[in-house]
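S.K.: Letter by letter, the chains look like this.
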Amino acid sequence: MPTLFDSLRGLTWPARRRALGVLPGTHLSRLRGTAPELSEYRLYRQGDDPRQLDWKLLARSDRAYIRLAEDRSLLATWFVVDASASMAWPEATLAKWRTAVALTLGLASVALGAGDPVGLVVAHHSHARLAARSRRGTLREMVTMLESLAPAGAVPLAPLLADARPGVRVVVVSDFLGDEAEVRSAGRALMAGHCDLHAVHVVAAEELDPPTRPIRAVDPESDRIARPFDETMRTAYDARFAEWRRDTATAWRHAGATWTTVSTADDPALAVRRIIGASSGASVVEAAGR
Amino acid sequence: MSFAAPAWLAVAALASLGVVAIHLIAWRQPESVSLPTARFVPDEPARRATRTVRLSDLALMALRVAIVLLAGVGMARPSRDRARSGAARVIVVERRPMRADIPLADTIRALMADRVVSVIAFDTAAQAVDVESALAPANGAAHPSLSSGLVAGIREARRLAGIHERVDIVLASSFPEGAFDAATRAIRATWPDTMRLVRFPPAESPPAGSVDVRSHGDDPVAAGIRLAVSQGLARGTARVLRDPPTPDDSAWIAPGRVLVVWPREVDAAATVEAIHAPGATVVGYFSRGSGGDSGRVVARWTNGDPAAREVPWRGSCLRTIGFDVPDVGDLTLTPSFQRLAAELVGPCGGSWSMATLSDSALHAFADPPSTAAVAVTPGPAVNRLAAVLVALAALLAVAEMFVRGARVAGSRVAGQDA
Numbered sequence: 001m002p003t004l005f006d007s008l009r010g011l012t013w014p015a016r017r018r019a020l021g022v023l024p025g026t027h028l029s030r031l032r033g034t035a036p037e038l039s040e041y042r043l044y045r046q047g048d049d050p051r052q053l054d055w056k057l058l059a060r061s062d063r064a065y066i067r068l069a070e071d072r073s074l075l076a077t078w079f080v081v082d083a084s085a086s087m088a089w090p091e092a093t094l095a096k097w098r099t100a101v102a103l104t105l106g107l108a109s110v111a112l113g114a115g116d117p118v119g120l121v122v123a124h125h126s127h128a129r130l131a132a133r134s135r136r137g138t139l140r141e142m143v144t145m146l147e148s149l150a151p152a153g154a155v156p157l158a159p160l161l162a163d164a165r166p167g168v169r170v171v172v173v174s175d176f177l178g179d180e181a182e183v184r185s186a187g188r189a190l191m192a193g194h195c196d197l198h199a200v201h202v203v204a205a206e207e208l209d210p211p212t213r214p215i216r217a218v219d220p221e222s223d224r225i226a227r228p229f230d231e232t233m234r235t236a237y238d239a240r241f242a243e244w245r246r247d248t249a250t251a252w253r254h255a256g257a258t259w260t261t262v263s264t265a266d267d268p269a270l271a272v273r274r275i276i277g278a279s280s281g282a283s284v285v286e287a288a289g290r
Numbered sequence: 291m292s293f294a295a296p297a298w299l300a301v302a303a304l305a306s307l308g309v310v311a312i313h314l315i316a317w318r319q320p321e322s323v324s325l326p327t328a329r330f331v332p333d334e335p336a337r338r339a340t341r342t343v344r345l346s347d348l349a350l351m352a353l354r355v356a357i358v359l360l361a362g363v364g365m366a367r368p369s370r371d372r373a374r375s376g377a378a379r380v381i382v383v384e385r386r387p388m389r390a391d392i393p394l395a396d397t398i399r400a401l402m403a404d405r406v407v408s409v410i411a412f413d414t415a416a417q418a419v420d421v422e423s424a425l426a427p428a429n430g431a432a433h434p435s436l437s438s439g440l441v442a443g444i445r446e447a448r449r450l451a452g453i454h455e456r457v458d459i460v461l462a463s464s465f466p467e468g469a470f471d472a473a474t475r476a477i478r479a480t481w482p483d484t485m486r487l488v489r490f491p492p493a494e495s496p497p498a499g500s501v502d503v504r505s506h507g508d509d510p511v512a513a514g515i516r517l518a519v520s521q522g523l524a525r526g527t528a529r530v531l532r533d534p535p536t537p538d539d540s541a542w543i544a545p546g547r548v549l550v551v552w553p554r555e556v557d558a559a560a561t562v563e564a565i566h567a568p569g570a571t572v573v574g575y576f577s578r579g580s581g582g583d584s585g586r587v588v589a590r591w592t593n594g595d596p597a598a599r600e601v602p603w604r605g606s607c608l609r610t611i612g613f614d615v616p617d618v619g620d621l622t623l624t625p626s627f628q629r630l631a632a633e634l635v636g637p638c639g640g641s642w643s644m645a646t647l648s649d650s651a652l653h654a655f656a657d658p659p660s661t662a663a664v665a666v667t668p669g670p671a672v673n674r675l676a677a678v679l680v681a682l683a684a685l686l687a688v689a690e691m692f693v694r695g696a697r698v699a700g701s702r703v704a705g706q707d708a
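As they're listed, the protein sequences go chains B and F.
Position 62 of the first sequence, counted from 1, bears residue number 62 in this note's numbering, the numbering being contiguous throughout.
For any residue, its number in this note's numbering is found by taking its place in the second sequence, counting from 1, and adding 290.
Pulled out of the complex, with its shape left as it was, chain B reads as follows (with noise of 0.2 Å):
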């Protein structure tokens, strides 16, 4: 994990909206205020700041105009991670959730290092879960309540949505294996309190490439999904599990999020790297290999 924060240092997140935070902080602000940067000049309208009129502009012009600058604020960040059965697997590594905790305590890292508060909230039935904070041992928090958390069961992501405040970031680490479109309508409703949004994928490599051998596929959530599973399903399978992803992905970014899948192969801090190239502008990158 030190390797990961090491290479990470000096990355910055900048926000896909502007900030609707009052504190000073590195991401640009809805609000406009008296910032050195210079952005415009308005016109003095009763009940504006008078310090804020360009006298010299007055002079030359005799018309009253105020300077605008660009603030910038903090932007808290919220963590929604997936702790469900499905999320401990291969089951003798657990590379879905390691792979989940390491993104989410990069992306945290990335946060802090801004100044940013962070906050986490975990889909486990331990309810746990880490109040935003900037200050030094946030993320040591982080990583001891990840570290000690075993996946297991099948708690909704959804209602821990609701709990974030407006004009946050909102980072939801899950497979979505769950209650994909509950979540999709919570965070559509977040992006209406004009939050940031973004899905991070968790795929396993043997999810993408299954073993061969004839199995008896049984989902780890739900023992009613137990279906005979060998080569020659294997077409049917790629297909159909690459059509959800591709929904899926499309279907968050309609509703204005960033969707990033990172498999269980790739690289952390290359991952980190990607989600916050997403929420840049950039191109939504697949995991390599699918």
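Hints are computed from structural coordinates only; laboratory data are not their basis.
One should not assume that every hint holds.
Claimed, not checked - Have a look at the derived ranges for each label pair, beta carbon to beta carbon: (1) B:R240 - F:A300: 43 to 49 Å; (2) B:P2 - F:A349: 46 to 52 Å; (3) B:R129 - F:R694: 45 to 51 Å; (4) F:V678 - B:T235: 54 to 60 Å; (5) B:T232 - F:R694: 42 to 48 Å; (6) B:R240 - F:A311: 46 to 52 Å; (7) F:F692 - B:R234: 32 to 38 Å; (8) B:R246 - F:G695: 28 to 34 Å; (9) F:R694 - B:R165: 43 to 49 Å; (10) B:R98 - F:G308: 47 to 53 Å; (11) B:S126 - F:F692: 36 to 42 Å; (12) B:R234 - F:A303: 41 to 47 Å.
Keep in mind that this is a model prediction, so the values were computed, not measured.
Ideal Cβ positions, reconstructed from N, Cα and C, are used throughout, including at glycine.
We have chain B; now place chain F onto it with these hints.
M.R.: Here is chain F on its own, set in the frame of chain B:
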């Protein structure tokens, strides 16, 4: 190797083929593997034919086939008997105090032709001997016991029946009534086949009593013994010592001679008592003495105490009499006392009937027993090899449970590793 129930071999063979077929073609449940994206697997029927036909779980299949074959072979009751062939004969010969006459010897030797023969010689005990020893005179031969001869002969015949296809028994004896006891017919009934009987003349009866009574003075016992001898009641050769024995008396003992120590208890008080011996009971005045501490009881008081004992000595016997009669009275002249005296001075082992069985009785003895008699014949011994094989099959069946359980657990772990 032979099998008592070979049909089980066929059953075992068919069952093992069935086990192999099940492992080849039976529907198998694939291992369950956790897969979060299982919903994307096309929902098709669980049963499907595999493209390749291959043996699965070879070890488990081999174990199951071994169980079936071991159980089948065990149920077939194998035995490692050698193939039986040929004929055998057991000749049970009564020992005689004189050499067998020529016709008897020729008969015995003729019975030995063209087959394997075992010869058993018997009197009170039986042992396997060669034919010449059986025909030779047996010094000191005791009274024959057909029961002992038959037990040894039937046992030998059963042993030979395991090797030879046909076995018969020949019983050569004078068949005196005294040789039959309560167990003789029951023992005969254990052999389900006809017995060939060879009757030969009985051994010469012991001569009329040659009893030497060493006494002095007026001795009513000596008089009674001599009277019994004269009337032919006493048989055999005996020396009765009414006086203390001498070394010469000890040296006199030999096979066929009985030494009777009958001390005179002149000082002992006589009381009315009763003494019983086989064939004789006497009531009268008797004075008790010491009748010896060990040996066969020849006569008893009415309260069961031994009155006279006999111990074997130097091929014959020494008899000690523990009572005396008063000098007065005529008790010793009574027939009952004379019969008692004849028993007390008679041959070793006591007297017994030398009369031979009638022909009809002998014929019935030779015939095979009725069904009821055959039923008492003990069944065949437990087939240990079959028991071992079935027990081994049971052990393998327990092992198969563990192997099958390990397979299931292994498939679960494999699913976790997927």
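S.K.: With reference to the structure, classify each hint as holding or not holding.
M.R.: How the hints compare with the structure:
no.: 1; hint: B:R240 - F:A300: 43 to 49 Å; in the structure: violated (54 Å)
no.: 2; hint: B:P2 - F:A349: 46 to 52 Å; in the structure: holds (49 Å)
no.: 3; hint: B:R129 - F:R694: 45 to 51 Å; in the structure: holds (47 Å)
no.: 4; hint: F:V678 - B:T235: 54 to 60 Å; in the structure: holds (57 Å)
no.: 5; hint: B:T232 - F:R694: 42 to 48 Å; in the structure: violated (28 Å)
no.: 6; hint: B:R240 - F:A311: 46 to 52 Å; in the structure: violated (37 Å)
no.: 7; hint: F:F692 - B:R234: 32 to 38 Å; in the structure: holds (35 Å)
no.: 8; hint: B:R246 - F:G695: 28 to 34 Å; in the structure: violated (44 Å)
no.: 9; hint: F:R694 - B:R165: 43 to 49 Å; in the structure: violated (59 Å)
no.: 10; hint: B:R98 - F:G308: 47 to 53 Å; in the structure: holds (50 Å)
no.: 11; hint: B:S126 - F:F692: 36 to 42 Å; in the structure: holds (39 Å)
no.: 12; hint: B:R234 - F:A303: 41 to 47 Å; in the structure: holds (42 Å)
Violated hints, listed in ascending order, are 1, 5, 6, 8 and 9; each of the other numbered hints is respected by the structure.
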